[in-house]
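Protein chains in written order, with the numbering used here: chain G, 3 to 635; chain E, 3 to 635.
Worth flagging that the hints you see were computed from the coordinates, not collected in a lab. Don't take each hint at face value.
Put simply, identical chains are the same to the list, so a pair is met inside one copy or across any two.
What the hints assert, rightly or not - Straight-line C-alpha distance at most 30 Å; calculated BS3-like pairs for lysine-lysine:
hint, residue 1, residue 2
1, Lys441, Lys588
2, Lys183, Lys445
3, Lys238, Lys198
4, Lys625, Lys243
5, Lys479, Lys204
6, Lys238, Lys204
7, Lys221, Lys239
8, Lys238, Lys183
There are 2 protein chains.
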Amino acid sequence: MRIYSPVGFSRVSLEGPFWRERLDTVLARTVPSQHRQLERHGILHSLTIPQPVPPLTIPRNHHNFTMQIFWDSDVGKWIEAASYALSHRRDGIIEAQIDEITELLAKAQLPDGYLNCWYIGREPENRWTNLRDNHELYCAGHMLEGAIAYFEATGRRRLLDIMQRYVDHIDAMFGPREDQKQGYCGHQEIEIALLKLYRVTKNRRYLDLAAYFIDERGKNPHYFDAEAIARGDDPKKFWAKTYQYNQSHMPVRQQDKVVGHAVRAMYMYTAMAELAVELDDASLRRACEVLWRDVTGRRIYLTGGLGPAATNEGFTEDYDLPNDTAYAETCASVALIFWAQRMLHLDLDGKYADILELALFNNALCGLSRDGQHYFYENPLESDGRHSRWEWHVCPCCTMNASRLIASVGGYFCSESKDAVALHLYGGISTTVEVAGRKVKIKEESNYPWSGAVRISVDPDSPGEFALKLRIPGWAKRATASVNGVAVELAAVRNGYLDIRRVWGKGDTVVLDLPMAPERVYAHPLVRMDVGRVALRRGPLVYCLEEADNPGHRMQQLRLPRASDLRSVTRTDLFDGVVTIVANGKALATADWEDELYRNESPRESTVSLTALPYYLWSNRTKGSMTVWIAEE
Amino acid sequence: MRIYSPVGFSRVSLEGPFWRERLDTVLARTVPSQHRQLERHGILHSLTIPQPVPPLTIPRNHHNFTMQIFWDSDVGKWIEAASYALSHRRDGIIEAQIDEITELLAKAQLPDGYLNCWYIGREPENRWTNLRDNHELYCAGHMLEGAIAYFEATGRRRLLDIMQRYVDHIDAMFGPREDQKQGYCGHQEIEIALLKLYRVTKNRRYLDLAAYFIDERGKNPHYFDAEAIARGDDPKKFWAKTYQYNQSHMPVRQQDKVVGHAVRAMYMYTAMAELAVELDDASLRRACEVLWRDVTGRRIYLTGGLGPAATNEGFTEDYDLPNDTAYAETCASVALIFWAQRMLHLDLDGKYADILELALFNNALCGLSRDGQHYFYENPLESDGRHSRWEWHVCPCCTMNASRLIASVGGYFCSESKDAVALHLYGGISTTVEVAGRKVKIKEESNYPWSGAVRISVDPDSPGEFALKLRIPGWAKRATASVNGVAVELAAVRNGYLDIRRVWGKGDTVVLDLPMAPERVYAHPLVRMDVGRVALRRGPLVYCLEEADNPGHRMQQLRLPRASDLRSVTRTDLFDGVVTIVANGKALATADWEDELYRNESPRESTVSLTALPYYLWSNRTKGSMTVWIAEE
């Protein structure tokens, strides 16, 4: 049963400097440049049916897999991001670009509604024969999300109509009847899209189809076995070796370990949590809670990154969190934010918002450069200087996940219920919510995440009683709050939210102070890579040592004594103003080593000043080494 | 110009307990079990020509490469190891097995002398068309080494004759003439074998051919380019992307960085160093010295392991020495021992013997289990418990490198020259050398590597003046020596050798004391993985913490305070007696963490006793975590 609903980003005006800069960059630079990249790399061109002869072909990888097969999804994600941009400000050029794509899709769509440009253009006879590997439903899901976003931004429904016809085709194709396929996608995603379509159309069929895909997953006999045999393949030769890879190794309600490909996992849990809300499904909710505990207690990086291994783009063992080889794909953190938001609506608990904020401000934001046109796919927590941002990627999934997240970030700030409004994030927003039968203007002002001083004006169109629930972040120690100058007892914080229930009237003001002292963080001793190391955090931001701020050293040579004070230093000369953390440290000297590689004397040390930068900002200047976890002594 | 020659293993009797146990294990268990494995995996069967229909086929990897292509080399290496075993004690069964293989090869050999069972059996039309990838000369080299060893052990020359015919075919095929190929093998090895054949036959042609292969390498236009074009391939599509992979990126004399596939590099440097001796080639010698300084100063693990990366089975960047993902292939360390021995004959300098000893007692010995029938291919310096020994490997190169090394280890102990005998290693041997026109019996008694107390009896058949050069290891501090009870001035140590020149007569005795205190070792600060960590060493042995000796902890949770005393503790209950290193340490507690993964308080510590075991012995008991580099506090 749904108690809270998110306040959509189109109702939230971002006014604080931090998010304003990110949003402006995405609107002005990222979205237009991504269209150019889609064009340059032939991705838009691939929507033309019939395909040119010879067709544009990118090389297959060593599993005989071509990433071209999910190009539809990249286009769909760009439409989604671009449409979110349009919600902020309309743009004739972008709209013409989306309309042009729409016409290509209209032309490509088969009479029965089927619409996947790879299959239609290359191997129409093979559609729906390899759900395990070929991302067919995944592509449909992303294009559907794009269509919904464009409809919501502009009111134009031609693309939505096209995609709804395709979804109706899919709905006829999959289901429990004997003439239907009892299948589901190897890469979860369509479930999230179907739930959005349900929200827009209120048509229950789409909710049911999302639930069907989730419920069917992992049943025996296994669909991917049967499907492989049907196309003449040996199911045992599945390259990933285990159905854990796509979380179909058992029915979802029995799953209690976060395994396999990280993005697939997070998309699935997102859909599961939303279905648990919509259907008031206790067993689905319980599974989500168990999986949440598993990932946050044993399998997440300090930066909100997920998945240590490149081989499966995903999870390995408990506490296996290598720093320099961390995969920690941008997409996975974006998807974790989706999941966390759904969990928050299942149960308004700050533990979900804490992770949402962590993933947002660190791993996810790190995925997009300061200039809005360079990206990280992997987000390691340590680099010897070889890792840096790229302009585009053979698998561009992360690029549009970054842009669609930032273009809609306002949607993660507030939720509303019948008699309460909850603020999860801070950073300068205004919105109008419906609560207790009233329209209530909320204005939140702050210089978050640089400062925890937050001022909230509450302005109902008439006085009335309701609850204002303010998240007190898990990292915030000694927080204080006052309403109209009168202190509020912080003991009232329950599950991470300060619950202020009263009769609110025009001009009421809440002041919240979340002191942001730089602090040390230590990892569980079973995280073997981090033993003897310390990380720095201030508010929601995780920090790192980067060579650009500490020239003349490899960052791994620097050590931070346990007794050193940590100081916040505002630097207006860096990135339009950031707060750095400065401390006295030690640098291991290399000069006296000459050609020696090992010796009996420990390295000599010199005293240095260490400057730590928010992690999400690294690799925006010169190439160099970086570390989040610093040797402590 | 050759001054020193090694005293061959067949002239050296191993009498000390350490090497006696290893040698007995290899003779009694390893060599016979390797024959069974070669049989079980179809490797011996593949020598039968014509091949059965359908032929035995193992899967190709994602570069479309089958390891089956170098099965001839595995057979050759087994013959070599088995023949070394026969030199210690004749064995009718083994000899019958080698004779059987000989007959298969005789039958397979083509009229022109060509003899590669893969090509003859599968694609005779393609021979000599892909030297870059297909190990054709490499296979010839290993089989030739096997043939020479069998001839030397038994006097039977049928296999040697077969191989010599093949080498004569190769000699006709490759060379500077227009009707010859100006090629060389992608995997260096045959050069070493040809130099052995030169030693046995004294036929200068084989020396010249080895020199030709070395000199031709890396010339432009590049042979592997031309060869690829000739067979219709695009040279740019070389899977390894760079000819650094096989050290043909430039002429060998210009090479000053140790790059690419580690085993190929080491085999090549071995041949280069031996050619430099034989030909008195100053430029080749200089290249060897530069490469030696590069590898030992920046690119070698503390254990003597080489090559951090699995992708190229080789080298990456300076100081890039990750512990848990270290490749450090057993073969590479074995080959480093070959190279170090050749360097020692180029210049009797203890720095070469130090590395020889290091690689031997640590990385190389680690490759073979205590029971003689399990192996390591990779030798990481840290494991979370997932790495353990295997019974066999799809690429069994390391297995026979371990057995052929140990079965001939006596050959690394001494060298002789006209007027000197040098001892490089200790461990209980006796031998008779020719020096100063006399036969001199040398008996070295010790419990090395557990104790550094060494007693050497010198017994010439008549008194005479010559030098006894005793290696004083780089690790040995405060060494003392005496001759017939009279102390020798250790200031006389030059380049790592104590040079005792005198008139030696019957009953002369040298006593050497190399005190073995456990000691701490630190890595160069640019080895980022080892910052804040310490390793333990005693004598030639590097130690590790293994879970079997420190139960209840992951080894990465353990810390060694800088102030803790290190104690040598002899344990007769472990592996027939070993010396462990024991120290007071700290264990990071996990009990108070519950579901937390990160927190502000540093982990609590409890005091524990740490027991470190020689690295080469790890993974011979239960599975568990291990680390060489220990967090220091």
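Verification of the hints:
Taking the closest pair of Cα atoms, lysine 441 and lysine 588 never come within 30 Å of each other, the shortest separation being 57 Å inside a single copy and 60 Å across copies. For the homomeric pair lysine 183 and lysine 445, neither the shortest alpha-carbon distance inside one copy (50 Å) nor that between copies (81 Å) is at most 30 Å. In this homomeric assembly, lysine 238 and lysine 198 never come within 30 Å of each other (Cα to Cα): the closest approach is 36 Å inside a single copy and 48 Å across copies. Taking the shortest Cα distances, lysine 625 and lysine 243 sit within 30 Å of each other only across copies (24 Å), while inside one copy they are farther apart (37 Å).
Taking identical chains as interchangeable, the C-alpha atoms of lysine 479 and lysine 204 are never at most 30 Å apart, the minima being 43 Å within one chain and 83 Å between chains. Taking identical chains as interchangeable, the C-alpha atoms of lysine 238 and lysine 204 are never at most 30 Å apart, the minima being 41 Å within one chain and 56 Å between chains. Taking CA atoms no more than 30 Å apart as the test, lysine 221 paired with lysine 239 passes inside one copy only; the shortest distance there is 20 Å, against 43 Å between copies. Taking the shortest Cα distances, lysine 238 and lysine 183 sit within 30 Å of each other inside one copy (21 Å), while across copies they are farther apart (45 Å).
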